[in-house]
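Protein chains: 2
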Amino acid sequence: MAKPTPLTDDEIQRRLPEIEGWCIDEGKLFKEYKFKDFIEAFGFMTRAAIIAQAMDHHPEWFNVYNKVRIHLTTHSAGGISEHDFELAQRLNKLAR
Amino acid sequence: MAKPTPLTDDEIQRRLPEIEGWCIDEGKLFKEYKFKDFIEAFGFMTRAAIIAQAMDHHPEWFNVYNKVRIHLTTHSAGGISEHDFELAQRLNKLAR
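Sequences listed follow chains A and B, in order. The opening position of the first sequence corresponds to residue 1085 in this note's numbering, with each subsequent residue numbered one higher. The opening position of the second sequence corresponds to residue 1085 in this note's numbering, with each subsequent residue numbered one higher.
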């Protein structure tokens, strides 16, 4: 896999509409998902963990009860990259 | 189950040695666990999630790659209760 390159602010803003509900927080992609209860929230995290591991691209995420807050960035790129958009899209699909 | 009551600061300090590696942060029990990699960290979280759900006592937790940071408090008690010490003890046992 080629070394990921950071997207420019313009590219990020232009592409944000592709990933519903995500915004920029602390220079990273951010979204809070809300589920019915802890079982649903952790079920989502479990499926997401398997995808993240397969992509070798891991989220920074926080959970309390039915809420899951996720930040995505690409450390090796020093910013938000294509990988973050791809993972965000897959997480949105999972959460549907 | 009886409504949990908060422990006093004295009780908390006296009992902290029972739960290795835990301290007080923002008025909650806190510990950071560090694992070999994401698979080990999320494996721990999965086992912990099942225990937390069975206790109906859920952590506030953050994960990035091989690190898991956990805060425990009992909202219905308005502070740290017996339940938090019990869960902390079980998490330590899991992580061994």
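Since the hints were made in silico from the structure, they are not lab data. Fair warning: there could be bad hints in the mix.
Claimed, not checked - No more than 27 Å apart at the CA atoms, straight line, and that leaves these computed lysine-lysine pairs for DSSO-like:
(1) B/Lys-1177 - A/Lys-1151
(2) B/Lys-1118 - A/Lys-1112
(3) A/Lys-1112 - B/Lys-1151
(4) B/Lys-1151 - A/Lys-1087
Stated by the list, open to error - If the Cβ cut is set under 8 Å, some of the chain A residues that face chain B in the computed set are:
(5) Thr-1089
(6) Leu-1091
(7) Phe-1119
(8) Phe-1122
(9) Phe-1126
(10) Phe-1128
(11) Ala-1133
(12) His-1142
(13) Trp-1145
(14) Val-1148
(15) Thr-1157
As the list claims (entries may be wrong) - The calculated label-pair distances, taken between Cβ atoms and stated as ranges, are:
(16) A/Lys-1118 - B/Glu-1116: 22 to 30 Å
(17) B/Asp-1093 - A/Leu-1100: 21 to 29 Å
(18) A/Glu-1170 - B/Tyr-1149: 13 to 21 Å
(19) B/Asp-1094 - A/Ser-1160: 42 to 50 Å
(20) B/Lys-1177 - A/Thr-1130: 15 to 23 Å
(21) A/Ile-1108 - B/Arg-1131: 45 to 53 Å
Computed from a predicted model, the values in this text were never measured in an experiment. Even glycine gets a Cβ: it sits at the ideal position worked out from N, Cα and C.
Here is how each hint holds up against the structure:
1. B/Lys-1177 - A/Lys-1151: Distance of about 26 Å is within 27 Å: holds.
2. B/Lys-1118 - A/Lys-1112: Cα-Cα ~23 Å, so holds.
3. A/Lys-1112 - B/Lys-1151: Holds. A/Lys-1112 to B/Lys-1151 sits at ~19 Å (cutoff 27 Å).
4. B/Lys-1151 - A/Lys-1087: The given pair, whose Cα atoms are some 24 Å apart, holds under the 27 Å limit.
5. Thr-1089: Violated: closest Cβ of chain B sits about 21 Å from A/Thr-1089, beyond 8 Å.
6. Leu-1091: Since the shortest Cβ distance to chain B is 21 Å, the answer is violated.
7. Phe-1119: Not OK, violated: A/Phe-1119 not within 8 Å of chain B, min 12 Å.
8. Phe-1122: 5 Å, holds
9. Phe-1126: 5 Å, holds
10. Phe-1128: Nearest chain B Cβ about 12 Å off; hint violated.
11. Ala-1133: 5 Å, holds
12. His-1142: 5 Å, holds
13. Trp-1145: 6 Å, holds
14. Val-1148: Holds, because the Cβ-Cβ distance from A/Val-1148 to chain B comes to roughly 4 Å (cut-off 8 Å).
15. Thr-1157: Nearest chain B Cβ about 10 Å off; hint violated.
16. A/Lys-1118 - B/Glu-1116: 22 to 30 Å: 26 Å, holds
17. B/Asp-1093 - A/Leu-1100: 21 to 29 Å: 46 Å, violated
18. A/Glu-1170 - B/Tyr-1149: 13 to 21 Å: 18 Å, holds
19. B/Asp-1094 - A/Ser-1160: 42 to 50 Å: Hint holds: Cβ distance 48 Å, inside 42 to 50 Å.
20. B/Lys-1177 - A/Thr-1130: 15 to 23 Å: Holds, since B/Lys-1177 and A/Thr-1130 (Cβ atoms, about 21 Å apart) stay within the stated range.
21. A/Ile-1108 - B/Arg-1131: 45 to 53 Å: 34 Å, violated
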